[in-house]
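Taking the working numbering, I'd label the letters of the sequence shown as residues 897 to 1054.
Hint data in this document are derived by calculation from the structure and do not stem from the laboratory. A hint or two may mislead.
As the list claims (entries may be wrong) - Restricting the straight-line Cα-Cα distance to at most 27 Å, the calculated cross-link-like pairs of lysine-lysine (BS3-like) are:
(1) 994 to 972
(2) 994 to 980
(3) 970 to 949
(4) 949 to 972
(5) 926 to 972
(6) 994 to 1024
(7) 926 to 954
(8) 1006 to 1029
(9) 1029 to 926
(10) 958 to 1024
(11) 980 to 1017
What the hints assert, rightly or not - Restraint ranges, calculated between C-beta atoms of paired labels, are given here:
(12) 1048 to 925: 31 to 37 Å
(13) 980 to 934: 29 to 35 Å
(14) 963 to 1006: 27 to 33 Å
A virtual CB, placed ideally from N, CA and C, is assigned to each residue, including glycine.
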Amino acid sequence: MKKTSLLLCLMGLLGLMGTAVYAQTPAADKILGVYSTFNEDTGLENSRIQIFKATNGKYYGKIIWLKEPNENEKPKVDDQNPDKALQNKPIIGLQLLKAFVYDEKSGEWKDGSIYDPDNGKTYNCFMKLDGDKHLKIRGFIGKAWMGLGRTTTWTRYE
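Please work from the sequences and hints to get the whole structure.
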């Protein structure tokens, strides 16, 4: 009887510990989720990007929604891609953010890149959460300190 009670108590304790560990979100994973992008001229929502963690432990982002998904009654494609073989690839599902690594010291996701389907160019990039609802993204040419780039803010989609 004592062994059964001890076993049940131990199983209950392990179950509670497992729940507590599962409930904690590592700082690096706080970026996960869906974000809205906005047209700089109109302020209207333009697209939604899903940020996910790959099996390699790095963070990526893909387009999952467009305000205007079609052009000439056909799905928009990556027609500005410098690789001709990819120019017919649909924009929805396109991976924009690639291979970010979380830097605990700075609280930034670094060493990744961002692809701009409007011009077909890829830029070095880093990202940082601004509170719970905003993600600041800085795309740049060369090194970040050179100042050759632009920063935009995405809003967490609820």
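Results of checking the hints against the structure:
1. Note on residue 994 and residue 972: the hinted pairing holds, with a Cα-Cα distance of about 21 Å set against a maximum of 27 Å.
2. For the suggested pair residue 994 and residue 980, the alpha carbons sit about 20 Å apart, so the restraint of at most 27 Å is met.
3. The suggested pairing of residue 970 with residue 949 is violated, with an alpha-carbon distance near 31 Å, which exceeds 27 Å.
4. A threshold of 27 Å between alpha carbons decides the hint, and for residue 949 with residue 972 the separation of about 26 Å falls inside it, so the pair holds.
5. With a C-alpha separation of about 31 Å, the suggested pair residue 926 and residue 972 falls outside the 27 Å cut-off, and the hint is violated.
6. For the hint pairing residue 994 with residue 1024, the CA-to-CA distance comes to about 15 Å; that is within 27 Å, so the pair holds.
7. As the CA atoms of residue 926 and residue 954 are separated by approximately 13 Å, the hinted pair is consistent with the 27 Å bound.
8. The hinted pair formed by residue 1006 and residue 1029 meets the criterion: a straight-line CA distance of about 19 Å does not exceed 27 Å.
9. Of the supplied pair hints, the one linking residue 1029 and residue 926 holds, its CA atoms being roughly 11 Å apart against a limit of 27 Å.
10. A hinted pair counts as satisfied when its Cα atoms are at most 27 Å apart, and residue 958 with residue 1024 qualifies at roughly 17 Å.
11. Distance check on the hinted pair: residue 980 and residue 1017 sit about 13 Å apart at the alpha-carbon level, within 27 Å; holds.
12. For the hinted restraint 31 to 37 Å between residue 1048 and residue 925, the CB-CB distance of approximately 22 Å leaves it violated.
13. In this structure, residue 980 and residue 934 meet the distance hint of 29 to 35 Å, their C-beta atoms being roughly 31 Å apart.
14. Taking the beta carbon of each, residue 963 and residue 1006 are about 30 Å apart, inside 27 to 33 Å as hinted.
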